[in-house]
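Asks: Read off the chains here:
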Amino acid sequence: MQRIGVFVCHCGSNIAATVDVSKVAEMALMEPGVVHAEDYQYMCSEAGQAKIQDAIHEKKLSGIVVCSCSPRMHEATFRKAAERAGLNPYMVEIANIREHCSWIHKDMEEATKKAVILMRAAVAKVNLNTPLKPGESRVTKRALIIGGGIAGIQTALDIADAGYEVDIVEKTPSIGGRMSQLDKTFPTLDCSACILTPKMVEASAHEKIKIYTYSEVEKVSGFVGDFTVDIRKKARSVDMDKCTGCGVCQEKCPSKKAPSEFNRGLNNRSAIYTPFAQAIPNVPVIDREACIKFKTGKCGICSKVCQAGAIDYEQKDEIITEKYGAIVVATGFDTINLDKYDEYAYSQSKDVITSLELERVMNAAGPTHGHLERLSDGKAPKEMVFIQCVGSRCSDDRGKPYCSKICCMYTAKHAMLIRDKYPDVNVTVFYIDVRTPGKNFDEFYRRAVEQYGVNYIKGQVGKVIPQPDGKLLVQGSDLLDNKQILKEADMVVLATAIEPNPDVRKIATMLTASIDTNNFLTEAHAKLRPVESPTAGIFLSGVCQGPKDIPETVAQAGAAAVKAIGLLAKDKLLTNPCTAHSDELLCNGCSTCENVCPYGAITYEDKEVNDHGIREVRRLAVVNSALCQGCGACTVACPSGAMDLQGFSNRQIIAEVDAICR
Amino acid sequence: MSEKKKQAELIEEISGVNPLKCMKCGKCSATCPSYNEMDIKPHQFVSYVINEDVESLVNSESLWKCLSCFACVERCPRDVKPGKLIDAARQMVVRQRGQAYLSPDEIPELLDPELPQQLLVSAFRRYRR
Amino acid sequence: MKYSYYPGCTLRTKAKDLDDYARASAKALGFELEEIEDWQCCGGVYPLGTDEIANKLSCVRALNAAKEKEQELVTVCSACHHVMKRVNDDMRNVEDIRTRANNYMELDEPYQGETEVLHFLEVLRDKVGFDELAKKVVNPLKGQKIGAYYGCLLLRPGKILAFDNPENPKIMEDFIRAIGAEPVIYPYRNECCGGYISLKEKDMAKGMCDKITESAEGFGADMLITACPLCMYNLNKSSKKEIPVVYFTELLAEALGVKEACAGAAGEDEKEVQA
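Chains as they are written, first to last, in the working numbering: chain U, 1 to 662; chain W, 663 to 791; chain E, 792 to 1066.
Here chain U stands alone, though its shape is the one from the complex (with noise of 0.2 Å):
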């Protein structure tokens, strides 16, 4: 018989306020085990701690109840504590009765019913709980880095001046990322190339860091410290080892109709290319859609040209296959499709732009050459006029319901810099709020205001209407001054709101990271643990994460890089002792659980057995224990009733199931 504790947390007035919390107490003597019940106003503080242990050492407990908060907040906290007074930390369970119960009730008679039942459930578990040892697994000193924009180069920066190696995989022939699409940045105006390209090639030139462009995470399999993963090297078409880079080959290539997609399809590139001249690795790819030799075989033309032999035709996608300890999502972000907000014209007219194109536009190795002109006629606009809020803040089903975050200062940027270049421009924008937060981020927007001059209103814009002359007739609101007003541009750019790189739910999957109804990567907790994943060794960087500007992103880069560190410095990790086994004598061998198995850490064996005096070979599923991650799928799959799960078997299941229907 075992001799429980039971400790209820008044967690201040949180739970005291709606549950009456020394008659759970009171009704917590009655329970069959129970030798002991206290309640205290904060468990989780070194007093309330101290009361467990006491209690431990004077009524010689062998298990701990604590009706407190959600296990997810203090389950280690209090299992650490009795664990220090020399009890099993795995005899200690918790009844959630803030979450689960006062919080969402009002009625203190019903919600301290509840409360107590919850308790009873807590309890009849501990009855049935045995003490659980942890096994251990080494750790893979090296960490992969999924994306090679701002977020992943400066992880994979501060990871390896740790010392540790990492590996960076990036989808497209580059490493930089969106910041490298960038012509300036907020709120000091300095080129974002120039900040930039020296930190790609501190990535590229570091002993510790490998870096696997055009190459994409394809399986994902083990666990936190030692993940084993498959990465696809697309075919390059070009040899990495004997291409100089001299740049000759995309000069001759005749194929030059596909869109580049790093000015955003504004302009077009040849079928063999780099995607911007500071490309890291210098070694193009061959676009095989687009190139006329894979096309219809007859070409050949950059092999000809190539001196030093590098184009391959034959190269195939290669898979190859790393061990790593750590993972660290960077895949950052793009802006939404403008198909749903058709109002704003912009699949009509060339001369409605997204600010990411503007970027573009206004970069001198742009479509433009750095010339703020009218995509449609090449004229020097003299009315431009900026769109708030496109498809942000939206809760209808075309756009997304948060704030980018971004849009407020970059437009601020744009208006700034175009007024700062070409004064005869006249910068018009419609706002539904200006927001600003951030170290001299309000100032630089009254700059644009005050000092050059950039007509903020109050409202949103209705539509865009294209005029037979080529102008664009803007129809807004002019929320203060209570007008509705049209007003002629020659240019209109969309602030477009951003959602995550479509690819991260696939991703997200391999990892079995959670994602929220937006995509963004869920942290492990929204204030105390911002950059992990609740996915053990999966951390998260930059966008992937939620909306954020550069030097948000370069801190929470950072951030990633430590907690990954911290597990990389370790040598080994305890593993989660609540895992699968089989019983080998009612397991019939079906396979049922192999596979409903999501970790693939059910094998078969062949194996003797001893049933009763009668000794036979017979197949058996066989748990590995360090893969399990005792999601119990497998112990409600199983026919036979061979599958358990410790820590949470069958029995202690309806042990709970019973108090509760008691």
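Calculated from the structure, these hints are not laboratory results. A portion of the hints provided could be inaccurate.
Below, a list of computed lysine to any residue pairs in the SDA-like style, where the Cα atoms sit at most 20 Å apart [stated by the list, open to error]:
{"hint": "1", "chain 1": "U", "residue 1": "471", "chain 2": "E", "residue 2": "1009"}
{"hint": "2", "chain 1": "E", "residue 1": "950", "chain 2": "W", "residue 2": "741"}
{"hint": "3", "chain 1": "E", "residue 1": "991", "chain 2": "W", "residue 2": "714"}
{"hint": "4", "chain 1": "E", "residue 1": "1028", "chain 2": "W", "residue 2": "720"}
{"hint": "5", "chain 1": "E", "residue 1": "993", "chain 2": "W", "residue 2": "697"}
{"hint": "6", "chain 1": "E", "residue 1": "950", "chain 2": "U", "residue 2": "338"}
{"hint": "7", "chain 1": "E", "residue 1": "1002", "chain 2": "U", "residue 2": "338"}
{"hint": "8", "chain 1": "E", "residue 1": "991", "chain 2": "W", "residue 2": "764"}
{"hint": "9", "chain 1": "E", "residue 1": "793", "chain 2": "E", "residue 2": "826"}
{"hint": "10", "chain 1": "U", "residue 1": "471", "chain 2": "E", "residue 2": "1010"}
{"hint": "11", "chain 1": "E", "residue 1": "991", "chain 2": "W", "residue 2": "720"}
{"hint": "12", "chain 1": "U", "residue 1": "458", "chain 2": "W", "residue 2": "779"}
Covered stretches of chain W (in silico footprint by chain E; criterion: 3 or more residues with CB under 8 Å from a CB of chain E, positions within the stretch not fixed) [said to hold, decoys possible]:
{"hint": "13", "segment": "728–738"}
{"hint": "14", "segment": "743–754"}
Bear in mind that the values here come from a model prediction, so they are computed numbers and not experimental data. Cβ atoms here follow ideal geometry from the backbone N, Cα and C, with glycine treated the same way.
Keeping the supplied structure of chain U fixed, place chains W and E upon it in accordance with the hints.
Replies: For chains W and E alone, kept in the frame of chain U given last:
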């Protein structure tokens, strides 16, 4: 409950709109083809309901200037759809006896030979019970 | 192929030609429009109030009649189409309206939105196919530059009407191409003509119609097509421009070579009505 609050709640009930979802972006007023004819502007409908001033709303010119063209309904990013609010206010008026905006006596002088039935029917539906 | 057909009141009187040309074209294209018996007026506007039931019942009757014949329901008039599709959506998705309407109607089997409502243009696009239509054109309208005027009722609210992209539609442009003419895309094609406002506020309707016709002409349209008798009336009556406005079915009948046959019939009926 005060009479004013009851009226505001009736508007919410008839329209099925939650005015608190509005973020005051003004896209409805930026969209409305009747904007210049309206005394209370589309983006203001919401605050009249929130402030329980349904009386001003039902006495407004706007009630009879809305075209039911659904442009604000289509473009509202917050699912507030001001056109539904104004239609609810109009309903409140025309459901009261003698409050119709259009009287059958007026019809003959408004007619012309090409005028389609659809016009009469829809005007009647919107302007009187 | 047979469809249930809901012409609506205006197509029986002032817009008789919209109806005649639709029927003749349907025949030429090999499908039949079987008029619903004893149909009643749709009401012209969709009642937005969530508590309105009585005004929706005439549509429910028509929808149920199509259901009983196991046919899809075709409309031509924009207003009828709008009201019919929205009431059908209510019957599918709004439990309160469905229950109350069915309680009132006492049908053998409750109506739950089973019928598919199709606009004549949707039949051309989704059932006949514009490519097939183009093949049947005997009299292509070569060289004509035609602006499609959609108005409000065919397109909005986009989610319920599910007719086309409400901000940048293309079904009528594709139709114009299929009959051999050249579509002119202009930004006011989905702006309101003034609708019922023209009964009392002629000036308001005029301002709106002027914007539409000016924009269409500015982009080079020689002619506008519409599916709505009210839009037709407003554009003809209120705009200072004199750009011709015709029903899309008239051009369809012309392209299919069946216009002459029914033009006479339309005239006859008109006389009868006047008599």
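Asks: Taking the earlier hints as the rules, which of them does this structure contradict?
Replies: Hints 3, 4, 7, 12 not satisfied by this model.
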